[in-house]
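6 protein chains.
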Amino acid sequence: MWIYEKKLQYPVKIKNPNPTLANVIISQLGGPDGEIGASMRYLHQRYSMPYDEVVGILTDVGSEELAHLEMVSAIVCQLTRNLREEDIKGTPFATYFVDHTTGVYPIAASGVPFDMKYVGVKGDIIADLNEDLAAEQKARVTYDNILRLCDDPDVREPIKFLREREIVHYQRFCDALRVTQDKLDSKNFYACNPSFDKGCGK
Amino acid sequence: MWIYEKKLQYPVKIKNPNPTLANVIISQLGGPDGEIGASMRYLHQRYSMPYDEVVGILTDVGSEELAHLEMVSAIVCQLTRNLREEDIKGTPFATYFVDHTTGVYPIAASGVPFDMKYVGVKGDIIADLNEDLAAEQKARVTYDNILRLCDDPDVREPIKFLREREIVHYQRFCDALRVTQDKLDSKNFYACNPSFDKGCGK
Amino acid sequence: MWIYEKKLQYPVKIKNPNPTLANVIISQLGGPDGEIGASMRYLHQRYSMPYDEVVGILTDVGSEELAHLEMVSAIVCQLTRNLREEDIKGTPFATYFVDHTTGVYPIAASGVPFDMKYVGVKGDIIADLNEDLAAEQKARVTYDNILRLCDDPDVREPIKFLREREIVHYQRFCDALRVTQDKLDSKNFYACNPSFDKGCGK
Amino acid sequence: MWIYEKKLQYPVKIKNPNPTLANVIISQLGGPDGEIGASMRYLHQRYSMPYDEVVGILTDVGSEELAHLEMVSAIVCQLTRNLREEDIKGTPFATYFVDHTTGVYPIAASGVPFDMKYVGVKGDIIADLNEDLAAEQKARVTYDNILRLCDDPDVREPIKFLREREIVHYQRFCDALRVTQDKLDSKNFYACNPSFDKGCGK
Amino acid sequence: MWIYEKKLQYPVKIKNPNPTLANVIISQLGGPDGEIGASMRYLHQRYSMPYDEVVGILTDVGSEELAHLEMVSAIVCQLTRNLREEDIKGTPFATYFVDHTTGVYPIAASGVPFDMKYVGVKGDIIADLNEDLAAEQKARVTYDNILRLCDDPDVREPIKFLREREIVHYQRFCDALRVTQDKLDSKNFYACNPSFDKGCGK
Amino acid sequence: MWIYEKKLQYPVKIKNPNPTLANVIISQLGGPDGEIGASMRYLHQRYSMPYDEVVGILTDVGSEELAHLEMVSAIVCQLTRNLREEDIKGTPFATYFVDHTTGVYPIAASGVPFDMKYVGVKGDIIADLNEDLAAEQKARVTYDNILRLCDDPDVREPIKFLREREIVHYQRFCDALRVTQDKLDSKNFYACNPSFDKGCGK
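Chains as they are written, first to last, in our numbering: chain A, 60 to 261; chain B, 60 to 261; chain C, 60 to 261; chain D, 60 to 261; chain E, 60 to 261; chain F, 60 to 261.
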């Protein structure tokens, strides 16, 4: 279980609303490589992992991604605060506004609601760790692209923090994969599954 | 942010695997009225709520739903433990197994992956609280149906606990709605939105 | 069955095309809280309702929502009439136009086609009526938002009519819930289902 | 608008419940070629049709499809009536039951909720009429397949009625296409659109 | 199997980037009537076709659609080449860019990823050929609409080539349907399926 | 473009129909890690790759995956051949049969139609190659699971061939990643994108 602590992992204090930028950043909440997918991926992959250290990494990283989704939500919320109707009418934000007013609803930048199809849980340690490495790289690219599109330092600072964390996570999953391959038969490491193939890696 | 505490909100200790039952219960993880949808609904609706007590209720309940999704995952995981290939071959569980082995992947009982389309965030306190009341009732029905289909006391006890919590949440959202209506103009309580209509409820 | 009567429930006569506004209003046709979802929700929930007066309300309201989806379609159609290619090229309407020309296709404002995942049918009278109350509030908010984004009186008048009807429907579902709770055991009204739990409410 | 008449287009009186058969027939409600898609296709294609007789055919057929979806719902409802929990536990119907009890929810036989992606509205008379011809043939095949899987005469009779109607609709759309081609330049009939290409067919 | 030949079916050489136009044209890659759907439709329908000449047509046309999806991808790629960040920031292309940079990802113009729900495979020759006729008409309309929205001759030429091919395919499917009807009982041609109904067409 | 050669990459000759097994194997056609997703992933990622050898690998592997989807389709087709109605009635295959007869339609084992959401194209060489490594591992697990559920040697042989090819592809993508990292600044290899960050890797 998780205990809520009433503070963001990294502070978000945005002075100027910018709904056009919010429309882009929201992808890191509910988009294909966003934080909801990330937390759900790691917190669910835990159950079929055969090694405690890998379960531990997934729990840590998955819980941290919950903190990240709260940060991204806070960014989106602050970028759409205090808008007047004239700031919305006829802008691209209007298509979001009609269905969600200025609430925070988890979608991709394209407008497509979050879908668990973006997430893989194969119940196989090698496949799942490769999925996790890919996920962190894809999230890193999304943050890179947000930084390419955003000048406001109030937004850039928390985004840079989030981007750095994805790189740290990538390295942790690299370690997890190395540990796993050492435990399994190194020659055939992607050819067996310890839950089903009894002699696997022995 | 959330701090992980390594214990389930209510213990799950299932002795007998039952993949057919897991196929049904998984809906309360990734189904239309499951715990992922519940936590995401409340944790995101928070941002557009005008009253602190309502934000507090949504944060509390949303964080508790995270604990519930961990419980449902644990139930699904334990019901599919130690299966032999003969327990899977030719059974309805095989269509899940081919894509997820015995990992825990958030889908509805129908096999459809979780989709945020099940969740409403309207950025309007009256609409969102009505959504929450409905969500709790729908989750309650799902637990009722699981109980109708399940005889194993090891499974029934945590499910009964989860069902009770939905009723408590329903009552909390009833309170939140009452508080809100008292603060708004009681005659027109569903006709204005404090974020946009300045005189609303004054 | 339904007999078609060749007239709109409320007249729609729009003089000036406005594809940008059509892009927003279309959400009340095929969006998360639009009229297709509304009619399908009520017309299908009817089958598991234990009380005739509730079946009657659902049939009435569901049939009226069919009339509403015809009104919203007429609004969208009239707002995209007589466009020249220059009115479309390079505008946000172009992404709709490429796939549907100026036909009326049921999508959300985000561009996502209508999906029945927006609709709940639980086969439980208390849950389904709570769903209906939420649905009416969410539709009401969508109409509120359309009014916030729209100045054209030709469009505002039918939208205001539709918004008023949602409030009337909300009140009818409040009545239905009251009637239902009187018939069921008032203390435990959300804890049983008359189709399965024989003594329920007796 | 549509006036509800409290009778089915063709009577449905099923004596014996059969949830396994209901699981299959429900596809003709919410499946890829089901009656919801059919009614929504025709009732929305109307708006961009240049000829009154074609608008009339689409309105007629679309309204009749509403009557058909009511018939299919009635069949599904009657096939799942008076089930005891023992009739559901461990059967394939259990995955439906957990989320919808014995309510009628519009899905495909696969369990996937209805999605408007099954429906095409191109805003082009030739393309839309070809879509309609294909839709009627696909619905006809679904009814053929239901008849291949169903022995109960109480179910077969209304299904045969529905199948016959699809063939009548196919013929009406053939007529509509013929009328249209006569009006357009017969050599180039699929190469222009009267709404955009002014000299088209002149 | 397919052997790759390193050349486009028709040359694509676009001098001027135009991400707004790419946003529209991409629908003919991953949209409801795009080339991915087309190739997948024909290449999969082949398996249940009873006549060799129809299998041959489906294989030919399906393989050609693979070449078309390569052409549409090349158009999208070339229209988004050499963009500077200033060309993207604040434009409608930004919502695509954040998730895919300038990679080519198969979506509809609306932003919705390609979904096989757009494609019908009924396992019935009459229904499937009607589906194919409709598909070609719908693709033709999409190309018509692209031409209405596009002035750049470098883009128009390959699009006109693709449009012409759809008309040729339509004619081939007309021929296939004629051949099929001649082989089946002409009076009842849409009322039987040679795979199941043994006497069908004899 | 691709030239069709009328032979399978590896022969498929199945003597005994087995629709239950077809229901499982079809996931390697239209499921989350199936061959349609694989071919579409590689053939579209090509366009944003900066190095010719990587483009070459993606073209090769993507074209081979087209051959694989043809093999999986052939397996599914042959497993559902010559069924009598009695072989389908009341079996899990009936929910597939009602909508597709014995045609081959690309879905996951769960019944969910193929969705491009399973596929990532980030327009970034490091992220895309990590995605590809994960994709090959996930496909390998699916084939492992099929082998765990399948005794028929006629089916096992082509499945084993397909599984081996995924391992070869994994190794080719490992090589591609190594080549790429050598070309980029080895310390920061996942921190830049040669298309946007000019000094990247210099």
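Each hint should be verified, as a subset may be incorrect.
Note that the list lumps identical chains together, so a pair holds whenever it fits in one copy or between two copies.
Under the rule of at most 27 Å between Cα atoms (straight-line distance), these lysine-lysine pairs were calculated in the DSSO-like manner [to be verified]:
1. K148 <-> K65
2. K66 <-> K148
3. K242 <-> K148
4. K72 <-> K148
5. K74 <-> K148
6. K72 <-> K219
7. K242 <-> K219
It should be emphasised that the hints constitute simulated quantities derived from the structure, not laboratory data.
**Request:** With 27 Å as the alpha-carbon cut-off, assign the pair K242 and K148 to within, between, both or neither.
**Result:** Classified as neither: same-chain Cα gap 59 Å, cross-chain 29 Å, threshold 27 Å.
**Request:** Using 27 Å as the alpha carbon limit, work out where K74 and K148 are close: within a copy, between copies, both or neither.
**Result:** Classified as both; 22 Å inside a copy, 20 Å across copies.
**Item:** Within, between, both or neither, where K66 and K148 count as close if Cα-Cα is 27 Å or less
**Value:** Result: close neither inside a copy nor across copies, 34 Å intra and 31 Å inter.
**Item:** Alpha-carbon proximity context of K72 and K148, limit 27 Å
**Value:** both (26 Å within a copy, 22 Å between copies)
**Message:** Treating 27 Å as the Cα threshold, decide for K148 and K65: within, between, both or neither.
**Reply:** Neither, since 35 Å and 34 Å both go past 27 Å.
**Item:** Within, between, both or neither, where K242 and K219 count as close if Cα-Cα is 27 Å or less
**Value:** between (35 Å within a copy, 25 Å between copies)
**Request:** Could you figure out if K72 and K219 sit no more than 27 Å apart (CA to CA) within one copy, between two copies, both or neither?
**Result:** For K72 and K219, only the intra-copy Cα distance (14 Å) is at most 27 Å; the inter-copy one is 38 Å.
Hint check: violations occur at hints 1, 2, 3; the rest are consistent with the structure.
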